[in-house]
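With the hints as extra help, turn the sequences into a complete structure.
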Amino acid sequence: MALTLFRGIQTRPFLPYPYGLFPRKHVLFYATMKSTQTQTATHEKEQPLLKVSSHTHSKRLDNVSKGYEAIIGIETHVQLYTLTKAFCSCPYSYGSQPNTTICPICMGLPGALPVLNSKVIEFAVKLGLALNCKLSLNSKFDRKQYFYPDLPKGYQISQFDIPIASGGFIDLDIPVEFGGGHRRFGITRVHMEEDAGKLLHTGNGSYSEVDLNRAGVPLLEIVSEPDMRTGIEAAEYAAELQRLVRFLGVSNGNMQEGSLRCDVNVSVRPIGQLEFGTKVEIKNLNSFSAISRAIDFEISRQVLLHNENQSIQIVQETRLWDEGAQKTVTMRKKEGLSDYRYFPEPDLPEVILGKEYIDSIRDSLPELPEMKRRRYEKMGLSMQDVLFLANDINVADFFDATIDKGADVKLAANWIMGDIAAYMKNEKLSINETKLIPQELAELIASIKGGTISGKIGKEILFEMLGKGGTVKGLIKEKDLVQIVDPVEIERMVDKVIAENPKQLEQYRGGRTKLQGYFAGQIMKLSKGKANPVLLNKILLEKLNAKS
Amino acid sequence: MLSSVQNPRFLLLHLPPKHLHFATTKAIHTSQTLALSPSTSPPVSQILTLRHSLLSRRSTAVELAEAYLARLRRTEPQLKSFLHVSENALKEAAEIDRRIERNEAVGPMAGVLVAVKDNICTADMPSTAGSRALEGYRPPFDATAVRKLRESGAIVIGKTNLDEFGMGSTTEGSAYQVTANPWDLSRVPGGSSGGSAAAVSARQCVVSLGSDTGGSVRQPASFCGVVGLKPTYGCVSRYGLVAYASSLDVIGCFGSSVTDTGILLHAISGHDRFDATSSKRQVPAFTSQFISKDLLESKPLKGLRVGIIRETIDDGVDPDVISSVCGAACHLEELGCIVTEVSLPSFSLGLPAYYILASSESSSNLSRYDGVRYGNQVVADELNSLYGNSRAKGFGSEVKMRILMGTYALSAGYYDAYYKRAQQVRTLIQKSFKEALDKNDILISPAAPSVAYKIGEKKNDPLAMYAGDIMTVNVNLAGLPALVLPCGFVEEESTSLPVGFQMIGAAFDEEKLLKVGHIFEQTLRGCNFVPPLVADDFPC
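One line per chain: the protein sequences are A and B, in this order. For the first sequence, the working numbering gives the first residue as 192, with consecutive numbering after it. For the second sequence, the working numbering gives the first residue as 553, with consecutive numbering after it.
I should point out that these hints are in silico values taken from the structure, not numbers from a laboratory. Fair warning: there could be bad hints in the mix.
Here are the computed lysine-lysine pairs in the PhoX-like style, where the Cα-Cα straight-line distance is at most 25 Å [stated by the list, open to error]: (1) B/LYS986 / B/LYS832; (2) B/LYS1064 / B/LYS991; (3) B/LYS972 / B/LYS983; (4) B/LYS952 / A/LYS335; (5) A/LYS650 / A/LYS640; (6) A/LYS331 / B/LYS832; (7) B/LYS1064 / B/LYS851; (8) B/LYS983 / A/LYS335; (9) B/LYS832 / A/LYS546; (10) A/LYS687 / A/LYS729; (11) B/LYS991 / A/LYS331; (12) A/LYS626 / A/LYS650; (13) A/LYS719 / A/LYS650; (14) B/LYS854 / B/LYS986; (15) B/LYS952 / B/LYS1011; (16) B/LYS832 / A/LYS310; (17) A/LYS546 / A/LYS616; (18) B/LYS983 / A/LYS331; (19) B/LYS983 / B/LYS1064; (20) A/LYS716 / A/LYS729; (21) A/LYS687 / A/LYS716.
This is how it looks when you write it as C-alpha cells:
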C-alpha cells in the first residue's frame, strides 16, 4: 500500500504509511514547537510556577507604557489525554516515529469516515464545568475549510456557531512577587476540534515531509475574554488553565510537547479610550515566561509606535515570538478576513447532552485549584504556601493526605516546600515518584514534635525515606535514633568529654567561654546526634561553670 | 423539460397544477404500455436459481462464473460498463466449489457475481471514482458493503464506470470511458451509476452496487430496464463510499428482479461502527415474505394506499413516460391498491435545494484531492501551484463546476442566501413527504422525466441534465427509501426503451417497498426486460 500511495517520491518502506512529500520553495515556514524546544529552559514538570524574575523588565515597561492600557485575550489549544484520537482508534504519543500512528481515517483517505470518541465529549464537559461555563445541550460539529499539507481532509472538524460550552470564567491568584491579588478572567467559549499533522522541513529546503501522527488528536480550544492587561496576568491565566486540565486529568498540559498551546492577541489604547486598538496575534509561545515576555515586548513595541505617532504601523498581523532575540517578528499580514466556509459536518450526528450525564460528570469533578487555594488560605497558610501547594495536583494531594493523618498544617507545608521540594528538584522526580508516603511524613512531624527525635535526625530520616522508603518507626529502631532525654545518661557523656579535654576546660575557665560550642559538639558526636540539645547544653553549662 | 426547472430562479414560484385525472390515464395505459407480447414470464431471481444449481450440484460456481464472464467479454467492447475486471473471480469461484464439495456451509450470496461502482472502495482492485485524481489508486481497505458481500460469499467481478465522483446523470462524465445503454448503444445508460445498471441489464453480472446521491441508482435503473433500490439514509454503511455529498449519499442496489435486489440489500445493510450516521435498527429479512406468483390471491395488495405525486406527471415530463407510470398505477389498482393523487407543493423546490447542498458538501469533500497523499501530484515550485495544478489536472469540468458552485454557496455573505435557505427547503420537503406518507403507504412517480437519451445530447447543456433529476432528488433530501421498477416501454426511433416507475416509502420501509415491488413484477404481463443485445442467452 505504501508504494502505491506515493509512487515512490521518497518512501520509507519500514513505516506502515510513508510521509507525504511535496516540494517547497516559497512556502510559508512555521517554526514548530520542536525547533524551539532547546531554547526553553524551564522544565515544567518540576517548575510549573511562573519564573519571571526580571522586575526591572516590567518596571521599564511601566515607564514606557505610561498613559496606555493593553488589552490581551488568549486562545488556548489543549490536547486531550484520550487513549485514542478524536475520530478513529489510532493512539497518539508524542515523539513516535513519523507516520506510525495513522490509519485511513486520520489520513483522510477517500471513503473513510469519522466516528466521535465519546471521551472527547466527557472531557469537554469536564473542562466546561470547571470553567463555570454554560453547556450547550445541543451542539454540533462543523467543518473549517482551508488547504494546508498537514490537514489531510482539506478541512478541520471543529465547532463553529454552537460551541459545547460558553460564557464562563476562571479565578486565579497572582503570585506575591508580582504584586499578588485575586483575578477573575472571562471565558468566551470552549469548543472541540481535531489537531492537524506536522510538517518537517528538510535541511536543504527542496521538499517538506508530512507527519500525520498528530492529525485527528482531540483538542479543546478555549477562548478568553480580552480581560488581561499585563504579560504576567496572561501567563498566570495560562498557568491556571494548565493546572485546571491537570487537576481534571483531561490533558498533560505540557507546553514543550505542544499539549497546551497559547496564541495571544494584544492591542493597546490610550487610557480612557473606549474602542480597542488594532490587535496583533502572537504565536510560538512555548512557556509561561515566553508568554509574559512576548506580551511585554509587544506592548512596548506598540506603545512606542503610538508615542512616535507611527500607530499606523500597527497592523492586524500574526507575529512570532523569537526566543533567541527576545522579540516578536512579523510572520504574515492578514489580508482581509479569511473565509473558512464553515458548514455543519454531515458525517457526524449532533451532540446532545442529557441532564443526568452532565450531573454525573459534575459530581465526579475533583477539588479544583481555586477551591484548594481558598481552603488552604482558610487553614491559615500564607499565600506563598497556598500557591505552591495548590500548584501541582500531586503535591496538593500529598499535602492533603498528610494533613488527614493528623500532621500540623504549617509544619507539613514547611517540610513539603523545603526539603521535599529541594529533593524533587535535584532528583527530577515528582512527589509521587519519591518513596515517601504522606502517612510517614505525618509520623515524622509527630515524632519531632513529640521529642522522640531531633529535627536534625528528622531530616536524615526524611532523606532516607525519600530515597529508599521505609517507616519512621522502623528507621528510628533500625538506626537506634531515639533522642536521649535521660539527664543521667547525658550527664555521663558530659563528664566523659570534660574529663578527656582538660586543656580546653582550663582555657574555658580561663575566660574562653566560646569553647562551650566545642564541648557541645564533642558530646553530640559521642551521642551520635541523639542527645537532646536543650538538656545537653543545660547540663554542660552547669558542669563547666561548677567550681571544682 | 419543465421550463421552470431549467431556470432555477423561477423554481420558487408555485406551479399551477395541471389536472390530469386518473381516469384518462388509464386508457393510455391499456392501449400502449401493455401492448407487447403477452407470453413473457415474470423475471426469476438469478441469485436463487444460481444457489439452487450450486447446492443441488447441477453446476459449479466456476461454470456459472465462466458463463457470466464469457458474456461480459463479448459485450464489454460495446458497452464499456467496467473500469476494472477482477482477475480473481474464477479463483474465488473455485474456492466456493471446494467448500460445497466438502459440504461446508456457504453464505447466502455464494458464487454470486457482484459488480461494484468504482466509487466504492475495494482493497484488491483500483478505486478511481471515475476521476483522474484517483488514477491507479488502490485503497488499503474494503468498503463495509463490500466486506459484507464478501463475507456472504459473493464474488466481486469488477468495478463499474460512473460519472466522475458520481456527479452526472449520463456516465459520460467519467474521466475514462463512455458507457453505452444495452438497449440502444447510441444512448446513455443514465448515471451516475450507469456502469452498474448497464452491467446488470446486459447480465454481465448478477447484481451490482451503485450509489445514489440525487437519483444515481434510480434513473439509470429506469434507463436500463432493471430494478434499482435507493435505501433509507443510514440503512447501508457509507464507510468506503467515496464521498460526494455526505448527507445525501447512499449505497444502492441493482438487480434484474426484485428478489435479487432484496437479497443484495439484506447482505449489505446493518449498523456499522465505522459510520456514525448508520442506523442501529434490526435488518429485516426483506425477501422472506415474498409469495410465489401462483399462490397470489386476486387482490394481493388490497387496501394498500398509493399516492401518485401530481407534480411528477405534469408539464415537462415525456407523455409516454407519464402514460407508462399511470399504467403502473392502474396495475397497482388492479392488485387491490387504493390509488389517489397527492400533491407535494414543495416538490419543485427540491432541485435547486439539492444542487446547492450537494455542491456545497462536494466542494468540501473533494478538498482532500490535493495531490499530497494520493492521486497525481503536479511538480510545482510553490505550494499554491502544487494544489492548483494538481486539482486542475485531476478533476473534470463538471466536478470543477460543482466545486465552484459549492464554494460560492458556502462563502461568507452568501451562506444564508444559499446553503441555509436550501437547508430550510430541505426541512420543508421532509415535512411534506411525512404528511403524504402518513396518508399513504407508498408514493409513486416516474423515475425520470424521459427515457434514455442519446449520448452527447445533453453534454453541453448541464441545466437540462440537472432537470432530469427532478423525480429523484427530493427523495434524497428527505432520506427516504425508493424502489424503481421497470414498468413498460417507449418506442423511440423504432427502438424499444424501458421505462421505470418509482415507489417511495417511509423511512426504513424497504421491506414494504420490496414486497409490493415483487407482487407488481410477478403480475406484470407482457414485458420482458432483457435487452436484445443478450436476449439469445435468455429465451422467454
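| Does A/LYS331 lie within 25 Å of B/LYS983 when you go C-alpha to C-alpha? | holds, 22 Å
| Keeping to a limit of 25 Å between CA atoms, is the pair of B/LYS1064 and B/LYS851 held or broken? | Holds, because 16 Å separates the two Cα atoms, which is no more than 25 Å.
| query | Between A/LYS716 and A/LYS729, is the straight-line Cα distance small enough, at 25 Å or below? | reply | Roughly 17 Å between the alpha carbons, so the hint for A/LYS716 and A/LYS729 holds.
| query | Is the Cα-Cα distance between B/LYS952 and B/LYS1011 25 Å or less? | reply | holds, 15 Å
| message | For B/LYS983 and B/LYS1064, compute the direct alpha-carbon distance and say whether it is at most 25 Å. | response | Measuring from Cα to Cα gives roughly 21 Å; hence the hint holds.
| message | Just to be careful, I want the Cα atoms of A/LYS650 and A/LYS640 compared with a cutoff of 25 Å; is the pair within it? | response | The given pair, whose Cα atoms are some 13 Å apart, holds under the 25 Å limit.
| Holds or violated: are the alpha carbons of A/LYS687 and A/LYS716 at most 25 Å from each other? | Since the Cα atoms of A/LYS687 and A/LYS716 sit roughly 12 Å apart, the hinted pair holds (cutoff 25 Å).
| Within 25 Å, alpha carbon to alpha carbon, are A/LYS331 and B/LYS832? | Between A/LYS331 and B/LYS832 the Cα gap is close to 20 Å, so the pair holds against 25 Å.
| Hey, B/LYS952 versus A/LYS335, does the alpha-carbon distance stay inside 25 Å? | Roughly 20 Å separates the two Cα atoms, so the pair holds.
| Hey, B/LYS832 versus A/LYS546, does the alpha-carbon distance stay inside 25 Å? | Holds. B/LYS832 to A/LYS546 sits at ~24 Å (cutoff 25 Å).
| request: Below or equal to 25 Å on CA atoms is what counts here, so check A/LYS546 against A/LYS616. | output: With Cα atoms ~44 Å apart, A/LYS546 and A/LYS616 exceed 25 Å; violated.
| message | B/LYS972 and B/LYS983 were given as a pair; does the straight-line alpha-carbon distance stay at or below 25 Å? | response | Satisfied, since the Cα-Cα distance of roughly 17 Å is no more than 25 Å.
Hint violations for this structure: numbers 8, 11, 17, all remaining hints satisfied.
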